[in-house]
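Participant: Chain residues, written in single-letter form:
Protein chains: 2
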Amino acid sequence: MNTIITIGRQYGSGGREIGKKVAEKLGIPYFDKELLARVAKESGFCEEMIKNHDERPTNSFLYNVVMDTYSFGYNTAFVDMPMSQKVFLAQFDTVKKIANEGSCVIVGRCADYALSDYPNCLNLFIYGKEEAKAQRISERQNVTFSQAKDMCVKRDKQRQSYYNYYSNKKWGRADSYDLCIDSGKLGIDGTVDFIIDFVKRLEEK
Amino acid sequence: MNTIITIGRQYGSGGREIGKKVAEKLGIPYFDKELLARVAKESGFCEEMIKNHDERPTNSFLYNVVMDTYSFGYNTAFVDMPMSQKVFLAQFDTVKKIANEGSCVIVGRCADYALSDYPNCLNLFIYGKEEAKAQRISERQNVTFSQAKDMCVKRDKQRQSYYNYYSNKKWGRADSYDLCIDSGKLGIDGTVDFIIDFVKRLEEK
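Residue numbers (my numbering), protein chains in the order written: chain S, 15 to 219; chain D, 15 to 219.
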């Protein structure tokens, strides 16, 4: 049976590392930034441009103003869409294709929403305490603790805005996911083992 | 080592049943409605009145209008507080006393917030899919599925409003808790076992 694990995560929570280790231990493919190259290949969009729009919100207000002015009531076609929406749709398609190929771990990109009809999809959310996240980012990016704190807030605002705009759920609300874990409680490796245990319990059920 | 488990829960998610079973399996006391009798005994308030204010929000707008009109800038003392706030404070004290006595499971009543300084406090949130919750409530309360759906929405609004008013966190947001689980994924007993496994992993750490 295929098991698709999607991971939403707060910036600095270690969600990416956890996702990668879960995939390794289960021996299944892992997609985070890896998704972007695949989207580029399948959509024909340039990878650099996809990166620029990756998990960033559409400026929907400006978009709507422009569309209302020029569309005169006609349906706006793909060609009239802002680039961020085209990139979202291309990612959406690629996420579904990847899930159809077999078990995998997909991090971010509203993958849980794209796969909401898939019965064997397990949707996780990984988060952490403010201090722990800033500590991780300050070490990884070589910035001050205070700068790291600001980066965490800013990136999570972008992710939240992107997720809430494109999906029908709320980013970071427990009931948008099947299981949500503070990665600081058991640590990165402890959380990996705990998630794998959850997957095994589900498969046994 | 004492382990205090607090459980926030959506109405109809089975959080109460899960809390009770976790407490039984760990051989530790369980407090849900049981807390109210204890609060009555310790505070001197009548139990019926405590029940009426239990996990219901203060009408803070009206309260503030009245207090602004009559207090003329003086600090309002306990005697001037609305009854709902007095009940909250009494519950707050009792939750701390109970936690000081040893390991236990406490359901609701902002217990996680009251015990935010306790290092061995594990804060859980249990939730479920709309259909599953309405099904459970309709069977338990002998009401129609549609009535049960309405009850779920209404009760959760009260709980959310109570929690957000008295605590510094947001009810139902993943990062207000250590671990959040959809009880429908593993079922009631499966979720109980999974929580106990989490407690053991924490104790081993």
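Quick caveat, the hints were computed from the structure, so don't treat them as lab data.
Be aware that a few hints might be false.
[Said to hold, decoys possible] What follows is a set of in silico ranges between Cβ atoms, one per label pair, in the way DEER data are often shown: (1) D:Asn134 / S:Ser181: 34 to 40 Å; (2) D:Asn134 / S:Met95: 35 to 41 Å; (3) S:Ala146 / D:Asp211: 18 to 24 Å.
[As the list claims (entries may be wrong)] Sample of chain D residues facing chain S (criterion: CB under 7 Å; computed from the structure): (4) Ala54; (5) Gly58; (6) Cys60; (7) Met63; (8) Tyr141; (9) Lys183; (10) Asp189; (11) Asp192; (12) Cys194; (13) Ile195; (14) Asp196; (15) Lys199; (16) Leu200; (17) Arg215.
All values derive from a computational prediction rather than experimental measurement.
Heads up, the beta-carbon is just placed ideally off N, CA and C, and yes, glycines get one too.
Participant: Now look at each hint and say whether the structure bears it out.
Facilitator: Hints, verified against the model:
1. The hinted range of 34 to 40 Å is satisfied by Asn134 of chain D and Ser181 of chain S, whose Cβ atoms lie roughly 36 Å apart.
2. Roughly 52 Å separates the CB atoms of Asn134 of chain D and Met95 of chain S, a value that falls outside the hinted 35 to 41 Å.
3. Here the CB-CB span from Ala146 of chain S to Asp211 of chain D is close to 23 Å, well matched to the stated 18 to 24 Å.
4. Using the Cβ-Cβ criterion of 7 Å, the hint placing Ala54 of chain D at the interface with chain S is not satisfied: the shortest such distance is roughly 32 Å.
5. Interface restraint check: Gly58 of chain D against chain S, minimum CB-CB distance 37 Å, threshold 7 Å, status violated.
6. Contact between Cys60 of chain D and chain S, as hinted, is not supported at the beta carbon level, the nearest pair being about 35 Å apart and thus beyond 7 Å.
7. Using the Cβ-Cβ criterion of 7 Å, the hint placing Met63 of chain D at the interface with chain S is not satisfied: the shortest such distance is roughly 32 Å.
8. The beta carbon of Tyr141 of chain D is positioned within 7 Å of a beta carbon in chain S (closest approach about 5 Å), and the interface hint is therefore held.
9. About 12 Å separates the beta-carbon of Lys183 of chain D from the nearest beta-carbon of chain S, more than 7 Å, and the hint is not met.
10. This hint holds: Asp189 of chain D has a C-beta 5 Å from the nearest C-beta of chain S, less than the 7 Å allowed.
11. The restraint placing Asp192 of chain D at the interface with chain S holds, with a minimum CB-CB distance near 5 Å, inside the 7 Å limit.
12. Contact between Cys194 of chain D and chain S, as hinted, is supported at the beta carbon level, the nearest pair being about 4 Å apart and thus within 7 Å.
13. The beta carbon of Ile195 of chain D is positioned within 7 Å of a beta carbon in chain S (closest approach about 6 Å), and the interface hint is therefore held.
14. Evaluation of the Asp196 of chain D hint against chain S yields a held restraint, the C-beta minimum of about 5 Å falling below 7 Å.
15. A distance limit of 7 Å between C-beta atoms decides the matter here; for Lys199 of chain D the minimum to chain S is near 5 Å, and the interface restraint holds.
16. Because the smallest distance between the Cβ of Leu200 of chain D and any Cβ of chain S comes to about 6 Å, under 7 Å, the interface hint for this residue holds.
17. Using the Cβ-Cβ criterion of 7 Å, the hint placing Arg215 of chain D at the interface with chain S is satisfied: the shortest such distance is roughly 6 Å.
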